[in-house]
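Undergrad: So the mapping is simple: the numbering used here equals the position in the sequence shown, first residue as 1, plus 5.
Do not take every clue at face value.
The calculated label-pair distances, taken between Cβ atoms and stated as ranges, are [to be verified]:
no.	residue 1	residue 2	range
1	PRO57	GLY160	32 to 42 angstroms
2	ASP121	GLY142	48 to 58 angstroms
3	HIS201	ARG104	46 to 56 angstroms
4	THR204	GLN74	48 to 58 angstroms
5	PRO57	LYS132	14 to 24 angstroms
6	PRO108	VAL207	34 to 44 angstroms
7	THR76	ASP194	31 to 41 angstroms
8	GLU115	VAL199	29 to 39 angstroms
9	LEU98	GLY142	26 to 36 angstroms
10	VAL211	PRO108	30 to 40 angstroms
11	HIS201	GLU115	20 to 30 angstroms
12	THR213	PHE124	12 to 22 angstroms
13	TYR137	LYS22	15 to 25 angstroms
14	GLY117	LEU72	33 to 43 angstroms
Pairs of lysine to aspartate or glutamate residues, derived as DMTMM-like cross-links and limited to a Cα-Cα distance of at most 20 angstroms, are as follows [claimed, not checked]:
no.	residue 1	residue 2
15	LYS125	ASP194
16	LYS125	ASP161
17	LYS158	GLU102
18	LYS19	GLU115
19	LYS22	ASP161
20	LYS19	GLU77
21	LYS200	ASP184
22	LYS125	ASP156
23	LYS162	GLU143
What the hints contain is simulated information worked out from the structure, not anything from laboratory work. Glycine included, C-beta positions come from ideal geometry on N, C-alpha and C.
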Amino acid sequence: MPQANRASSGYLLKTGKSLSLIDCGGGVTSSFLRRGFDALDIDRIFISHTHPDHVTELPFVIQLIHLNQRTEPLDVYLPADFVAPFRQFLQALYIIEERLPFPLNIVGYEIGFEYDNEFKLAAIGNKHLHAYSQIVGELDLPNKMQCCSFDMKIGDKTVFYSSDIATNDDVRPNLDGKDLVLLESTHIDLAEFVKHASTISVGRFVITHLGTQREVVEIHRMA
Numbered sequence: 006m007p008q009a010n011r012a013s014s015g016y017l018l019k020t021g022k023s024l025s026l027i028d029c030g031g032g033v034t035s036s037f038l039r040r041g042f043d044a045l046d047i048d049r050i051f052i053s054h055t056h057p058d059h060v061t062e063l064p065f066v067i068q069l070i071h072l073n074q075r076t077e078p079l080d081v082y083l084p085a086d087f088v089a090p091f092r093q094f095l096q097a098l099y100i101i102e103e104r105l106p107f108p109l110n111i112v113g114y115e116i117g118f119e120y121d122n123e124f125k126l127a128a129i130g131n132k133h134l135h136a137y138s139q140i141v142g143e144l145d146l147p148n149k150m151q152c153c154s155f156d157m158k159i160g161d162k163t164v165f166y167s168s169d170i171a172t173n174d175d176v177r178p179n180l181d182g183k184d185l186v187l188l189e190s191t192h193i194d195l196a197e198f199v200k201h202a203s204t205i206s207v208g209r210f211v212i213t214h215l216g217t218q219r220e221v222v223e224i225h226r227m228a
């Protein structure tokens with residue numbers, strides 16, 4: 006749910022001078038600029054799934070990069086079934102790929118996709134969008150209901166980003182041994198998570214995707 010004092014999902018990974026943006030929900034662009042980052046340093050963007058709070062400002066970021074006169078390629082990794090609709094959306098917004106001063110490489114990925122360059126990233130499917138299966142089937146929609154958590158290795162450090170999930174079971178097998186875990190709080194059983202967290206080895210948990218102020222207070226109490 007949108008919050009007056011918080012942005013939606015969006016995380017930066019810095020490797021050398023290069024920035025990778027992971028998800029791009031509402032408020033991400035202004036937060037990015039407030040913190041003094043340079044849009045020209047964004048070399049790639051990964052979108053975990055297409056709920057608005059994870060993707061709504063993606064065109065805005067592309068426009069920002071354009072206005073900063075980028076000439077180097079920008080790689081955008083999207084769930085495969087979103088590539089064609091997103092290209093049409095960009096065109097409707099008059100962000101015409103052929104007129105951009107830089108190559109815009111839009112890559113559709115499936116569950117199991119692996120990125121291996123400045124760092125490693127593996128897309129691990131979860132069941133967050135499976136609740137839509139009945140309506141998708143009834144209306145014969147093309148939606149694949151693809152939502153992925155990202156398992157990353159940067160140098161000798163390991164990071165796990167849950168994105169949105171259905172239940173704790175979506176991520177339980179992937180947490181032990183990680184240096185950093187970014188775990189959303191909206192769709193999980195927090196009491197169950199706290200119990201499980203005490204049995205595994207994780208360098209640091211960061212709880213994200215926060216709900217109301219009352220829920221935030223409860224998270225602090227349980228921590």
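Undergrad: Take the hints in turn and mark each one as holding or not.
TA: Status of the hints after comparison with the structure:
{"no.": "1", "hint": "PRO57 with GLY160: 32 to 42 angstroms", "in the structure": "holds (33 angstroms)"}
{"no.": "2", "hint": "ASP121 with GLY142: 48 to 58 angstroms", "in the structure": "violated (35 angstroms)"}
{"no.": "3", "hint": "HIS201 with ARG104: 46 to 56 angstroms", "in the structure": "holds (50 angstroms)"}
{"no.": "4", "hint": "THR204 with GLN74: 48 to 58 angstroms", "in the structure": "holds (51 angstroms)"}
{"no.": "5", "hint": "PRO57 with LYS132: 14 to 24 angstroms", "in the structure": "holds (19 angstroms)"}
{"no.": "6", "hint": "PRO108 with VAL207: 34 to 44 angstroms", "in the structure": "holds (38 angstroms)"}
{"no.": "7", "hint": "THR76 with ASP194: 31 to 41 angstroms", "in the structure": "violated (48 angstroms)"}
{"no.": "8", "hint": "GLU115 with VAL199: 29 to 39 angstroms", "in the structure": "holds (33 angstroms)"}
{"no.": "9", "hint": "LEU98 with GLY142: 26 to 36 angstroms", "in the structure": "holds (31 angstroms)"}
{"no.": "10", "hint": "VAL211 with PRO108: 30 to 40 angstroms", "in the structure": "holds (34 angstroms)"}
{"no.": "11", "hint": "HIS201 with GLU115: 20 to 30 angstroms", "in the structure": "holds (29 angstroms)"}
{"no.": "12", "hint": "THR213 with PHE124: 12 to 22 angstroms", "in the structure": "holds (20 angstroms)"}
{"no.": "13", "hint": "TYR137 with LYS22: 15 to 25 angstroms", "in the structure": "violated (40 angstroms)"}
{"no.": "14", "hint": "GLY117 with LEU72: 33 to 43 angstroms", "in the structure": "holds (36 angstroms)"}
{"no.": "15", "hint": "LYS125 with ASP194", "in the structure": "violated (29 angstroms)"}
{"no.": "16", "hint": "LYS125 with ASP161", "in the structure": "holds (11 angstroms)"}
{"no.": "17", "hint": "LYS158 with GLU102", "in the structure": "violated (32 angstroms)"}
{"no.": "18", "hint": "LYS19 with GLU115", "in the structure": "violated (24 angstroms)"}
{"no.": "19", "hint": "LYS22 with ASP161", "in the structure": "holds (18 angstroms)"}
{"no.": "20", "hint": "LYS19 with GLU77", "in the structure": "holds (17 angstroms)"}
{"no.": "21", "hint": "LYS200 with ASP184", "in the structure": "holds (19 angstroms)"}
{"no.": "22", "hint": "LYS125 with ASP156", "in the structure": "holds (8 angstroms)"}
{"no.": "23", "hint": "LYS162 with GLU143", "in the structure": "violated (44 angstroms)"}
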